[in-house]
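Here the protein sequences come in this chain order: G and Z.
The numbers in my numbering rise by one with no breaks, and the one at position 103 of the first sequence is 103.
One rule links them: number in my numbering = place in the second sequence (from 1) + 240.
What the hints contain is simulated information worked out from the structure, not anything from laboratory work.
Only a predicted model underlies this, so the values are computations on that prediction, with no experimental measurement involved.
Warning: the hint list may mix true and false statements.
Claimed, not checked - Here are a few chain Z residues that face chain G, going by a calculated C-beta distance under 8 Å: (1) Arg338; (2) Asp340; (3) Arg353; (4) Arg355; (5) Leu356; (6) Tyr360; (7) Ala361; (8) Lys384; (9) Ile386; (10) Tyr393; (11) Ile403; (12) Val448.
Ideal Cβ positions, reconstructed from N, Cα and C, are used throughout, including at glycine.
There are 2 protein chains.
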Amino acid sequence: MIADTRTNAGIDNIAVFRKLKIVSEPGRRTLAIATSGNLSVSQSVISLLAEGVENPETGELETLESQPTMFKAAQLVGRAVREVWRVDGASLEQMTARFDVQLLFGGQVAGGRVRLFMIYAAGNFIEVTPDTPYFQIGEHKYGKPILDRAVTYETDLYDALKIGLISMDSTMRSNLGVGPPIDVLVLRKDALVPELDFRIEPNDRYFVDLRERWSRALRTAHMEIPRPPYGANVPGDVEG
Amino acid sequence: MIADTRTNAGIDNIAVFRKLKIVSEPGRRTLAIATSGNLSVSQSVISLLAEGVENPETGELETLESQPTMFKAAQLVGRAVREVWRVDGASLEQMTARFDVQLLFGGQVAGGRVRLFMIYAAGNFIEVTPDTPYFQIGEHKYGKPILDRAVTYETDLYDALKIGLISMDSTMRSNLGVGPPIDVLVLRKDALVPELDFRIEPNDRYFVDLRERWSRALRTAHMEIPRPPYGANVPGDVEG
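I would like the entire structure built from these sequences, with the hints used as guidance.
See the structure below:
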């Protein structure tokens, strides 16, 4: 899971906020949430999950740590989103702000599979499958072409991380609302503890090198393709 | 200038429409308009320009052919956009459709420079400069990273065409609303006649080859970048 840290309320109001939240009880569960959209909404969702979401039937406060499966945990995140909507949604809309939030929720609970969900503002969610082995939230378009071409269900974990960083780089170059540092989590199947939990700073040597190499590779790649052979004055539909 | 030909009113209602209009009087002027947005709006703008836009001061009908400079011609296109807004804007909004149109307008009038403008729905416009030597309209994000990295003001015309086609390919792969055939215009400085006016069909041999080579190049490019060196269990901010 990869998350940038930039938030903005206009281009003259930019700040750094961590958007990758990790909850780990080594050997029992490792869960992670990445957020995009309205920061007040996503922070409220995270805070609510930490304090506990009330179960409407039992009245008990439920947390991610108390969920027996990833599916149940994803449902709980969805309920937290709906609860924030219930409290803040109407007021946000009165101020013409949108209740705009999307989350990636992934991880593993002992005894279950590693699962990755994308959770929408309505609290509903979808899950990664072999056909579509990745999700993006937030500003996703600039960085999608490389993911579509290079990431499969069989991709090595650190190749996937590398390609994810290339994708992030493309996004950061084109949208000032996405920026470093970048938080990274690698979770290996059945490890039940983060294998890598790292913040890549803007001057990180590997990341700077990756950005330069990728730019150079793109420039070289197109040079190796022949120029279009389409001749001069091919009949077309010029109108005089 | 490169334009796809796909329009849609929902994914179950897809059609082919030419969106690249060329007006050429060889030796005197060659102008071209590419459109995006609501097809009824852009077609009305094109039709109005063909019939003539009334000059509010003289009452005369003005066409692109009657404009002495590219700047004046761009203003005329802007006036055509405003005229369509005046006639259709309110009704569109009543039906919750947006008055959504963007145009590229470029070319050369004898005695003037080659110029390229991007014209907005309000009829205002901006012009390409050496710092920003290209414009995109419509679905622009997927295809922007390669343009940003590979196109400069000094890029050879047919290299630029090639890079433009790569950019289009990235867009078509990610957005079903963008599709072949692709119309292409190459206009060389002071030629005052199209050097290339060509429709690239979906099975065009060069374009199919370009798509395959580019996909392969992207996959190879990332393989030549080393994997991230970030070690296991780097101290981070795991919270239990």
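Going down the list of hints, with the structure as the test:
no., hint, verdict
1, Arg338, "violated, 17 Å"
2, Asp340, "violated, 18 Å"
3, Arg353, "violated, 21 Å"
4, Arg355, "violated, 19 Å"
5, Leu356, "violated, 19 Å"
6, Tyr360, "violated, 20 Å"
7, Ala361, "violated, 21 Å"
8, Lys384, "holds, 5 Å"
9, Ile386, "holds, 6 Å"
10, Tyr393, "violated, 16 Å"
11, Ile403, "holds, 6 Å"
12, Val448, "violated, 12 Å"
Consistency with the previously given hints fails for numbers 1, 2, 3, 4, 5, 6, 7, 10, 12, ordered from lowest to highest.
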